[in-house]
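Chemist: Chains A and B supply the protein sequences, listed in that same order. Whatever position you read off the first sequence (first residue = 1), add 513 for my numbering. Whatever position you read off the second sequence (first residue = 1), add 654 for my numbering.
Simulated from the structure, these hints should not be mistaken for lab results. Hints may contain errors.
[What the hints assert, rightly or not] Label-pair ranges, simulated between beta-carbon atoms:
| no. | chain 1 | residue 1 | chain 2 | residue 2 | range |
| --- | --- | --- | --- | --- | --- |
| 1 | A | G843 | B | H885 | 51 to 59 Å |
| 2 | B | L663 | A | G534 | 55 to 63 Å |
| 3 | A | Y603 | B | L775 | 56 to 64 Å |
| 4 | A | L541 | B | R763 | 45 to 53 Å |
| 5 | A | Y554 | B | H859 | 35 to 43 Å |
| 6 | B | S902 | A | A639 | 47 to 55 Å |
| 7 | B | G925 | A | G678 | 25 to 33 Å |
| 8 | A | S674 | B | I878 | 44 to 52 Å |
[Claimed, not checked] For lysine-lysine, the following BS3-like pairs were computed, each having C-alpha atoms within a straight-line distance of at most 27 Å:
| no. | chain 1 | residue 1 | chain 2 | residue 2 |
| --- | --- | --- | --- | --- |
| 9 | A | K774 | A | K717 |
| 10 | A | K515 | B | K703 |
| 11 | A | K717 | A | K738 |
| 12 | B | K680 | A | K515 |
| 13 | A | K955 | A | K942 |
| 14 | B | K732 | B | K680 |
[As the list claims (entries may be wrong)] Cβ-to-Cβ under 10 Å is the rule here; a few derived chain A residues that face chain B:
| no. | residue |
| --- | --- |
| 15 | K515 |
| 16 | R517 |
| 17 | V519 |
| 18 | I525 |
| 19 | I532 |
| 20 | Y538 |
| 21 | L541 |
| 22 | M545 |
| 23 | H548 |
| 24 | S550 |
| 25 | R553 |
| 26 | G619 |
| 27 | W621 |
| 28 | G741 |
Just so you know, these numbers come straight off a predicted model, no measurement behind them. Positions of the beta carbon are idealized from the N, C-alpha and C atoms, including for glycine.
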Amino acid sequence: MKRRLVRCFLGISLGYVIILGALFYWQLFANMGQHPSNPRYYQMFREERGAILDRHGEFLAYSNQREEVFTRVYATPSLSHVVGYFHQRYGLTGLERLYHEDLLRGRWLHTTIDLQLQTFVEEMLAGREGGVIVLKPNTGEVLALVSSPTVDGNSLDQSWSDYLGDQRSPFLNRVTQGLYPPGSLIKPIIYGGALEQKLAEPNKIWTDRGILQIQNRVLSNYNGKALGVITTDQALAYSSNVVFAQLAMDLGEELLGYLSKFGLGFQTNFELSVKGGFVPPKASAPFTLAQLGIGQGELLVTPLQMGVVVATIANRGVMMQPYLVQELRGGLQMRQISRPRVLGEILPEHVALSLRDAMVLTVQEGTAQGVAHLDLDLAAKTGTAQVGQGQDHSWFMGFAPSHRPEVAVVVLIEHGGSGGAVATPLGAKIIAKALELGESEKGKR
Amino acid sequence: MRPLYWAWLEFTLWFSALVIGLWITKGLTNWWQPLVMWLILVLCFVVTKCFGYPGEALPLVGFLVFIGWIFLARLDQKWAEQQFWGFLIGMLAYCIALFGNFLSFDTPRLFAGGSLALLILTLLFGQRIGGAQAWLTVAGLRFQPVEISRIFLVLYLGRELSGKPLNWKNILVLGIFCCLLILQRDLGPALLIFLVFCSLSLYTHFSWYTLFGYLGTIILGFFIAYLWFPHFTSRVLAWVWPWNYPDSKGYQILQGLFALNAGGFVGTGFGSGVVGVIPANHTDYLFAVIGEEFGLIGTFSLLLVYLALAFWAIQLLTQVEDAARRTMGLGLTLLLHGQVFLVVGGILRLLPFTGMTLPFVSYGSTSLVAQFFMLGLITSLGGAPDEEKAS
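In isolation and in its complexed conformation, chain B is listed as follows (with noise of 0.2 Å):
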């Protein structure tokens, strides 16, 4: 353990360097917040740690909402600033998750009807940004429904599919789910929840036919979407020949890979990559920005990051007798990576380019409350046995 806290300390030091640097050379003003979010980090997991939790994720994704912040700063300030509160609010839903015990919550209905709802209600009375129709204003603050609303529904899927057999109930309220997506023209998560799903379906009943059956309506589904929806087919144009649209359809994926291309190894340097020219480079791309600036040793150390995460939420369900809470927590684990995949993926041509933020690193508040949610969610399955026995 003590290595651990000599690595946090290191860098603390480092990133500090970092928030310097900037304050020196941009004039940054917003300084003194990675300062509160830090002393807020510590001091949620000393709470974890002191209520019996397993706390050691923490770190780990301080790591990468830190490193997601330096970036933001770096591109515009404005945009670290928005970060900050999403990461208070995160940190907020993260103890709600961890105190609230919902994964008790033997209530798959609630979980699928208010799922499908917060979907619906994005239908009605949501607002156009960028191409999907995904954002919903309550109160003044404008937030994306879907990044709840697909927590709820990984929830139903991981209590429904873990003691009885799939029936067709489940496979109603899936496809009710991804059709509400789709209509919304917001792809990447309907593809992303149908992943999720397929994995825990697998997980719990495992069979070759299911698995061919999955693989068949994924190459099925494929060449339909190719085929129907004009979005889709241009982003597969864009993903397989991409050096025939360099200026239209292939622009942001070519610009990405020549930013992480011109990175090399060790990286331009802090502040010195060409990567204003790449579209979505605060949210989709920040991947390719921090490829182009810290290298190779930099998008390493963050893919590391993430499997020691994987490792840590893996090795945490093993621990858990309940196959209900279990099949759920492998369901949220499963949509964290799963997420990383697919932006990743994306950027880097294994799979066709889904617009989704890289979890805890990419501009996005509700994105970022969520991932915390989840985290909270995820961390509350390793509580102590007495308490679990208490609920």
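Isolated chain A (complex conformation) (with noise of 0.2 Å):
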């Protein structure tokens, strides 16, 4: 008797349990707060959000009532690849999907974007397609992130069918995700590393002819030119790649080291979803290593892992974390996010001012010296990068003044054409506006 009373105790218990099982699963593990039935999540547009500004406090985004709902506002249409949307029915992206929880509870987000430089870069960049980073070398934040052509985060309503439709796909941030090979501008890496490992010297003298023999294939110069008798500086500033397609086979494997420790093949540690790009595992034959010499073959890259690249060589050869967010107000504590962090020392000091001085000498004498009247003190390397179809993508990276640097930029316009003659002036006028924009800064203070 008293045994089966114990069993239909264990019965009810056994219920019990399995009641308790599925309400663990349903409080806990379930995800249903997205579902458009829930009404919870149509909670957040009746409740006003927390604003996002730029370095020196303007709007970049705040909430705009309208009868119950509010609505995003947004600056200019580029920061939608920055700051993202955050939409009703498109959901939400970028910075707003990122700290959505401190902005639904009415914080502030402060970033490091600079509004004006932003707004510019942009204007720069209409109708065409690629992507601009602006870096403070020092510090690692992001002055400007402008990828074209670009969804504007104010009108999704009326143009979201238009955005699906359109060939240039406009929500691709090709800044942080676009993977283009790098073309000229690895060179500074493998000057570097030949630099560091003693394989040339700044004054070594070299013979150009043109082109290179390497076995039974063919590598030539940017219209098969040949440079004569130069110096590695000056093979930099002309970009000679017989002369860096002999140097990154002297460094052998080494090479991918080097690529790796700029962070190359790896995915940027960032706030915004970024691709990793791409460098060959193993790099043996002495053709495959020449091609990486001189950014093409396998290699691929993104801007952004290029904008860590020159803010390294500006800021001496350290490395520093690249970042939009500064800090969250709002609520009971204000909350640090974020502060130049050192990710390490890639190049010896003096290796990095070497490359400096290839550098100023690109922009007195070499392939950038169409900006060279400018007289802006620019540092800088130009690319040109071949793809299988269509012209060449255009590349610049640069910095300035190049002995206490201030900015770092890096420019890619997809399917441009030379370097030289695309990037390199769009990039000189985003840094003097950089500048200029940086000395009123200073002024305030």
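The task is to assemble the complex, starting from two chains supplied on their own in separate frames and drawing on the hints.
Modeler: If you want it as structure tokens, here you go:
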């Protein structure tokens, strides 16, 4: 009798255990907060969301009340790749997504972006496909990040289907997720490696005949031009493929080590979603190495990665963590999200300074000579990356002033043609504008 | 025993804080009701103890009733006011059941007759509210006869099944009972009674053939109901594919799950849940409201209290010598916990949802009175031995 009653109790207990299991699942593990039928999801559109500000306190994004619903207003379209967008139907992206919980509680997000510079760069890129990133080399702050074409967070309702049908993929963030062969922009890394390994001296003399025979294959300079007798610095300034293919072969497997030390092939640690690009895991064949040395072949990078590379050279070989968000304010506590963080010493200081001198020479007499008249005290490197179809990708990277760098810039124009002719003037103008804005910022302080 | 008194005191203080909170934020005018309820509950506890009955269930039930009351007051004050009167009548019913010694009545025909008569009266004179024709008005008081009817039926089944093997008369009574409920479109109690019947019959005379026979009947009944009753068909569809009908059939079950899911571990906090959107949030779905605002901690403690009640009832039954009284007591216990399983299981999508109240917690005066009556009956089983002899 008693045993049967105990069994009854065990049966009842089993029922409660099953119910508890289901409760654990639905209350802790199931994720239904975003379901379109869940009224809690729409609740967040009825509350004022925290604003997002630029480095001077200008609004990048704020909530505007229309009847019962708040809609988000963005200062300029290109912010959809940085700040992201927040929309009742199309969800949320970028910083809006990353700091959703805090913004929902009314906290304000202070970013490193300079709205004036961002708008300027956006205008410069209008009508082109490409990306630009502007960084402060000594801190890693991102001053502007523009990918073109872009969607406009203010008019998603009207233009969503156009955006979806657009062949130029305006949703793609070309700076963080676009993958491109780096072309000659890789050469400073090769040069840095060669200097550190003492395979070359800045004044070492090379003879460039315009083509280089490697086993049974041939590699030539841009337009096959023979540069004659040049120093290593001049080889960088004139972007000699012959010399850098030779240096890459001299470096051998060490080359891959330098590429990964600069973060190529890895996902950059950043607030937005990024792609890692591609660096071949092994390269021993001389021709493969030579191709890597001129930034062709299998190598793929994002403009963001090149931005970190040029900022590292500008910062005398010390790599800084790139970041977008400074702090969150409001509520009970202020939260410092990021402060400048050193990621490591990638090159010895004297090597970085030699690279800088070579890049200054690039502007004085090399491939970036077209912008020498601007008198910017600029250090730069141009790149022209060959692609399978269409015109070459046009690259520029540079920083200024060369002795105490304030800004570092990377410009990529898809199918723009030669780097010196297309990306370089754009890059120089952006640097000039950034320096001008930087001066006025100092003035205010 | 002593820690239990402390726990009760602690609960009282915590509950008072909630009442004061509602009084401040919502201007609760019936704040005195829980005070009266508390006093009456303590009084009943003392009385139960003084007459030598085990009264340990009362604080547990008190916990459930107070949780239910505070959530009803949070949703709409008028429901809490109603629930207060239900509680008063319920305590009266408890005392009547406790001292009436009904479980000793060897009158199975009276139980069966009373049970069926109540249902037939409902079918003839009943009002239809919210789908089921389940309400009867007598002298200005409206109540749900099925709540009382099923207690009689369980008493009948308990007495009949305890000694003799199952005979065709029991099956006939059960069949008529279930058919009457199905005619009223009240499938939940029919299923519940059938499950209690199966368990009791297996408890008294276990055999694998009967077990599989019952399982087969349940599965067969499920398919017949699915094919023949459109009402049940849509319940099943809402159970299996709620995501396909988010605005129609599946609306209630989805909103309930959203509420539970929003609650997480500690809940969104008392009064801050988005609960207005759940249909029947004061009756069948009150559990989901509690789950949103008190989180897993709240629902977990609620279920623990039910489990403690089950433990209390079963250990009480082990001391009952008379087989008929024991079987009846077990039937009542299973009726209470079976209802919890069907309601909570329905909300959690373990079973198709059958609309019933969560015992002692949900809004519903008849249900509350009937539950207290059942509690009185079970408690009366633990009476002093000399009283048992006297009866």
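Chemist: With a cut-off of 10 Å on the beta carbons, see whether S550(A) makes it to chain B.
Modeler: With a closest approach of 4 Å, the S550(A) hint holds.
Chemist: Regarding the hint that G619(A) lies at the interface with chain B, is the smallest CB-CB distance below 10 Å?
Modeler: Since chain B brings no Cβ nearer than about 16 Å to G619(A), farther than 10 Å, the hint is violated.
Chemist: Could you see if the CB distance from S674(A) to I878(B) stays within 44 to 52 Å?
Modeler: This hint holds: roughly 50 Å between Cβ atoms.
Chemist: Quickly compare the C-alpha distance for K717(A) and K738(A) to 27 Å and report which way the hint goes.
Modeler: holds (20 Å)
Chemist: Taking 10 Å as the limit, does the beta-carbon of V519(A) come near enough to a beta-carbon in chain B?
Modeler: holds (7 Å)
Chemist: Honestly, do Y603(A) and L775(B) meet the 56 to 64 Å range at C-beta?
Modeler: Given about 59 Å between the Cβ atoms, the range holds.
Chemist: Taking the CB of Y554(A) and the CB of H859(B), does the distance hold inside 35 to 43 Å?
Modeler: Hint violated: Cβ distance 54 Å, outside 35 to 43 Å.
Chemist: Go ahead and decide if the range 55 to 63 Å is satisfied by the Cβ distance of L663(B) to G534(A).
Modeler: violated (33 Å)
Chemist: Between G925(B) and G678(A), does the beta-carbon spacing fit 25 to 33 Å?
Modeler: violated (48 Å)
Chemist: For the hint 47 to 55 Å, verify it against the beta carbon of S902(B) and that of A639(A).
Modeler: holds (49 Å)
Chemist: Quick check on R553(A) please, does its C-beta sit within 10 Å of some C-beta on chain B?
Modeler: Holds, because the Cβ-Cβ distance from R553(A) to chain B comes to roughly 5 Å (cut-off 10 Å).
Chemist: Measure nothing beyond the straight line between the CA atoms of K515(A) and K703(B); if it is 27 Å or shorter, mark the hint as holding.
Modeler: holds (25 Å)
The structure fails to meet hints 2, 5, 7, 12, 26, 27, 28 from the earlier list, while all remaining hints are met.
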